[in-house]
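Asks: If you want the building blocks of each chain, they are given just below.
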Amino acid sequence: MEFKSKVSSKVYSLEALKLASYILENWNYSLKEKGPIVEISVKGNNPDIGYKELLNEALNQQCRIDLFKTNSKIANLITTKALLSALGEES
Amino acid sequence: MENLKLSLKKYLLEDIRYVSYLYTKDNYVFIDINNKNEVLVNIEPKFNSQKIDKKEFLKLLDEETKRSEIYKANMELREYIIKSSMCYKPITDNNVEGLTPEEEKELDKLIAEVEQELKSESVKEDKLEIKKTWEEKYGDKNKRK
Amino acid sequence: MAIKTKGNKSKIKQYNFSWRKIKDKVLLTNEFGHYIILKNEEFKSFIDGKLSNKSKTWEELQVRGFLNNYMDFGDLCQRWQKKNSFIYAGPGLHIFVVTLRCNHKCVYCQSGAVGKEKNNMDMSWDMAKKSVNMAFSSTNKNITIEFQGGEPLLNWDVVKKTIEYARNKEKSGDKKLFLAIVTNFSKMDKEKADYLLKNEVSICTSLDGPEKLHNKNRIFHEGNSYKITKKWIKYFKDKHDAQKNEKYRIFKPSALLTVSRSSLNSFKEIIDEYVDSGFESLFIRALSPIGYARAAWKTIGYNSAEFLDFYRKSLDYIISLNKKGVKIKEKGAELLLRKILKAEDPGFLDLRCPCGATIGQVAYNYNGELYTCDEGRMVGWEGDRFFKIGDIEKSEYKDIINSSISKGCAISSNLDNQPMCNRCAYKPWCGVCPVINYELQKTPWGNMISNYRCELYMGIFDYIFELLTKEKESEILKSWVEE
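Protein chains in written order, with this note's numbering: chain W, 59 to 149; chain Z, 3 to 147; chain E, 1477 to 1959.
Think of the hints as simulated: they come from the structure by calculation, not from any bench.
The structure presented is a predicted model; accordingly, all values stated were derived computationally and were not measured.
Among the hints, a few may not be true.
[Claimed, not checked] Calculated pairs, EDC-like style, for lysine to aspartate or glutamate (alpha carbon to alpha carbon, straight line, at most 20 Å):
1. Lys1706(E) to Glu1745(E)
2. Lys139(W) to Glu108(Z)
3. Lys1515(E) to Glu65(Z)
4. Lys1499(E) to Glu1931(E)
5. Lys85(Z) to Asp1548(E)
6. Lys127(W) to Glu78(Z)
7. Lys1617(E) to Glu1646(E)
8. Lys68(Z) to Glu1517(E)
9. Lys1487(E) to Asp64(Z)
10. Lys1799(E) to Glu1745(E)
11. Lys1918(E) to Glu111(W)
12. Lys1497(E) to Glu108(Z)
13. Lys1918(E) to Glu83(W)
14. Lys1903(E) to Glu108(Z)
15. Lys68(Z) to Glu1518(E)
16. Lys27(Z) to Glu1782(E)
17. Lys1774(E) to Asp1785(E)
Based on the sequences and whatever the hints tell you, model everything.
Replies: In structure tokens, the structure reads:
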């Protein structure tokens, strides 16, 4: 069974949709970006549910991508410091 | 199912996305943008008995808008504070000897920068006399006994 | 020294903060670990930028770094640094799983323990020696080697040799070594006990409550697990209490409580059991639905609401005992209170940002495989080596730190990268577990909106802060962290 729809790539970036599709194992997803739209095709049992679950998970991923834009500098600073300390500072 | 129409003139898309995300535990959420630059949020409960409170959604959105305004306004300051915090010698069992010469130089540089900023600022009130130097408050130390 | 920040022309006077409703008030927190509890009207004025700068609340907000036009950089930076002191040190905890063999069949076993007759499930002396060398390569000046299993005493020869080797290494180096063993006591005898004491090995066991409950959880066909546990707890406690002029320190034995479904209606009996056994604290730990525990979850597990109900009742009961003069604390609450009230890092690897995976601890499996942590090792035992960071035969210390999964765990557990955590009022003191995220939600990032572990900690923090708003309860909780 297959379900097809499309979403605005302004709202759900292709990256977010791809990440979401890797996580949801119960369905097969096909994603095609065409300008401001991403065409989604879902195959498997209850593909309409698969579509809804994809968008929910994509929202999670998109919020993370949004946060990365503002927080990545500080987050990377702290993470790098922790890893360098574990390595020994001269590394 | 609940539908909300939100103007991108009033709210940021990131903020709408985040608040919508908060509903994804018990609902399926679908977001779209129409050609009037309005965001359409559609919330469909996963379980039939749930009801979505639109006012609650808008309240959360207002709070998120304020929060993200505050965070944006403080971005540079936060970066400065975190970097300053990381420059300080950590207080751990591993090191109780005090600062190395390089770290002392770094700290002196930071202090000098802040003092320079203070001096160049014009302040209407300085009740706590924070800007006054020791010498201005108590006189040159050579004159003290 | 408080300094007026650079000409703040912005209308926004607030520095970054998060908030959460606690009963009829609002808790505000910031990344320095400061917090303040405001009435609803005060909070609304503050967030709208209308709070009077002449008010006492304004003053308190200022002192605690909630206002960006007047910040004590010295205090705030020092506080941030102290709170995050662990990012300046490498892995301190080294878990040696010296055998997977065990003679118990605990209903919630997550360790992957197998029957004691199984072959080839013991760590060889050669591997143990290399593991000690690896542990001593850590950049952390304080090393803890913790023997676990299965039942570590089933591989006593290797445990004994490892202790000797590690202590000798300590003498010839510049690191401080702490040793610990987690045992069910079934193989303990006086000779082993005395050896462990003389080598300053800290003793830790499991005590799940009164006899019936303990034995129901911790099935031991060769005897009575509860009686054996109690006997040796008393032995080690008596040794601790009687110590005078020994050349070595004797530590008090400690016990961990694992809450299973059977425990949920017995909070009072469990706590009374700990008090009767002479313990001054118990650690109420929720089961994690990972490893073998996941398969048995329907019989032994519970949802977050059920655990939190148990937790609240337990904490209430512990506080009521404190009011009667009984010395007993809840260890988990104590650790959180040290973070909240003292801006300390009490070394609780479960709640760190980034988490302790590899950079805080390393798990050394019996077969030489190295993992980010013990939970990661349990996932590995199920056949999924996602959290494997190296091999004792092939990897050097820097290889395990540089491994992609070590970095991945550090990145995914940084709360600045997590949408919900970044905004959460408990962010200054909380942490995520990439292993649990992976097991339950298929990625190390997880999805906090429906994350079991997040629900648990949110509930625990909520209750602790609720208690901190009540005078008598707050007094007792604060006394738990006074030296």
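Asks: Find the hints from earlier in the document that the structure breaks and name them by number, from lowest to highest.
Replies: Violated: hints 12, 14.
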